[in-house]
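Chemist: Chains as they are written, first to last, in full-length UniProt numbering: chain A, 1 to 205; chain B, 1 to 205.
I should point out that these hints are in silico values taken from the structure, not numbers from a laboratory.
Identical copies carry no separate label here, and so any pair may be met within one copy or between two of them.
Calculated cross-link-like contacts (lysine-lysine; reagent style BS3-like; alpha-carbon spacing at most 25 angstroms):
no., residue 1, residue 2
1, 162, 186
2, 186, 116
3, 77, 30
4, 162, 116
5, 30, 186
6, 116, 158
In case you want the letters, here they are:
2 protein chains.
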Amino acid sequence: MKTKGLYCFLVLFFLGFEDCVQGRLLAASKPDRDAAAAYARWLVSQNSWGILNTISIELEGAPFGNVVSFSDGLPDKSTGIPYFYLTTLDPTARNALQDHRSSLTISEYPLGTCGKADPESPVCAKITLTGRLVLVDANSEEAEFAQTALFTKHPEMKGWPKGHDFEIFKLEIEDIFMINWFGGPKPLTVEQYLNYKMNKFGVSL
Amino acid sequence: MKTKGLYCFLVLFFLGFEDCVQGRLLAASKPDRDAAAAYARWLVSQNSWGILNTISIELEGAPFGNVVSFSDGLPDKSTGIPYFYLTTLDPTARNALQDHRSSLTISEYPLGTCGKADPESPVCAKITLTGRLVLVDANSEEAEFAQTALFTKHPEMKGWPKGHDFEIFKLEIEDIFMINWFGGPKPLTVEQYLNYKMNKFGVSL
Numbered sequence: 001m002k003t004k005g006l007y008c009f010l011v012l013f014f015l016g017f018e019d020c021v022q023g024r025l026l027a028a029s030k031p032d033r034d035a036a037a038a039y040a041r042w043l044v045s046q047n048s049w050g051i052l053n054t055i056s057i058e059l060e061g062a063p064f065g066n067v068v069s070f071s072d073g074l075p076d077k078s079t080g081i082p083y084f085y086l087t088t089l090d091p092t093a094r095n096a097l098q099d100h101r102s103s104l105t106i107s108e109y110p111l112g113t114c115g116k117a118d119p120e121s122p123v124c125a126k127i128t129l130t131g132r133l134v135l136v137d138a139n140s141e142e143a144e145f146a147q148t149a150l151f152t153k154h155p156e157m158k159g160w161p162k163g164h165d166f167e168i169f170k171l172e173i174e175d176i177f178m179i180n181w182f183g184g185p186k187p188l189t190v191e192q193y194l195n196y197k198m199n200k201f202g203v204s205l
Numbered sequence: 001m002k003t004k005g006l007y008c009f010l011v012l013f014f015l016g017f018e019d020c021v022q023g024r025l026l027a028a029s030k031p032d033r034d035a036a037a038a039y040a041r042w043l044v045s046q047n048s049w050g051i052l053n054t055i056s057i058e059l060e061g062a063p064f065g066n067v068v069s070f071s072d073g074l075p076d077k078s079t080g081i082p083y084f085y086l087t088t089l090d091p092t093a094r095n096a097l098q099d100h101r102s103s104l105t106i107s108e109y110p111l112g113t114c115g116k117a118d119p120e121s122p123v124c125a126k127i128t129l130t131g132r133l134v135l136v137d138a139n140s141e142e143a144e145f146a147q148t149a150l151f152t153k154h155p156e157m158k159g160w161p162k163g164h165d166f167e168i169f170k171l172e173i174e175d176i177f178m179i180n181w182f183g184g185p186k187p188l189t190v191e192q193y194l195n196y197k198m199n200k201f202g203v204s205l
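Just chain A, same shape as in the assembly:
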């Protein structure tokens, strides 16, 4: 831990504190706040976890949030589509198989790039991708792509118990709600979001 601390400390004097959160260097700098598609794709690709929401079977249809890890592709093959590694031992996967309605909510706050802004401030960006949470066919090329993306970003997943029957799910996005400054949600269509091209540094091509 102290080695990581020393590394972090050295980085501070070159890049500033905001670029060093939990020992990790951010690969890409924050896009301009008016470039809505770029900002949204940056927020999704830079984050490694969020809250995945489903309609609860056990709690009479309540909206049920759960902490999940995700990946939208390798750094140089980011797609904007969040993939998950879930087990039906957990209510989220069970809920989704019965009712696909879902959303994934991600905050900029854990990235450490919000300065002194409060987590609820519009200056600290937040995005909610709403759509259908569906199982990906385990024998498809998409499943292979998603598993590589997930295991690269979350190496621990490789060792999760085989007996727990983890499977790959994805969120088919139908609506995007993003606030990254004052003035309400940024206008952004799913097409604009998905068609945005990034290079491995998260910069527009």
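Since the structure of chain A is already known, use the hints to place chain B on it.
Modeler: Frame of chain A, contents of chain B only:
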């Protein structure tokens, strides 16, 4: 920023890296994982933000998560009940006024106390409080208590625009889902959670 970095660096060698996240010292150490009520109350009182879920009016009943700040009381008057400062300019408050069903999901990950565990790992705790998201009567003692709690934890809120009509909401908890180790959710009733007493250091009295 460099001063904060230096402060953090010095702290590292006394307390270890996990105790220093975004320049903030954690007030209380993590309770034993088998003390479910203590752990849950620690997780809620130490965190400053989470994802608040409601049933979306605009998105055909989809579960809609939103990043919010909250407080469950002053450090020495923690209640376990999360209070929020919301405006109906935002969909979450509008949704709640029409359908109270709601959940608040919080991760241990941003506290920096999960070591190297993945955010989805059961070793990195997660809690979902499900219940009814309701408006608190603005003229009540409870509203006064909640506003002090919110403004103390989130000083920026004091300056949020009066014209946006922010109001205090609370989650009336009906169910608790918490995972903080292997073996599935920890058995924990709402009564056990609410009746747990903490001192200002988050330690049982």
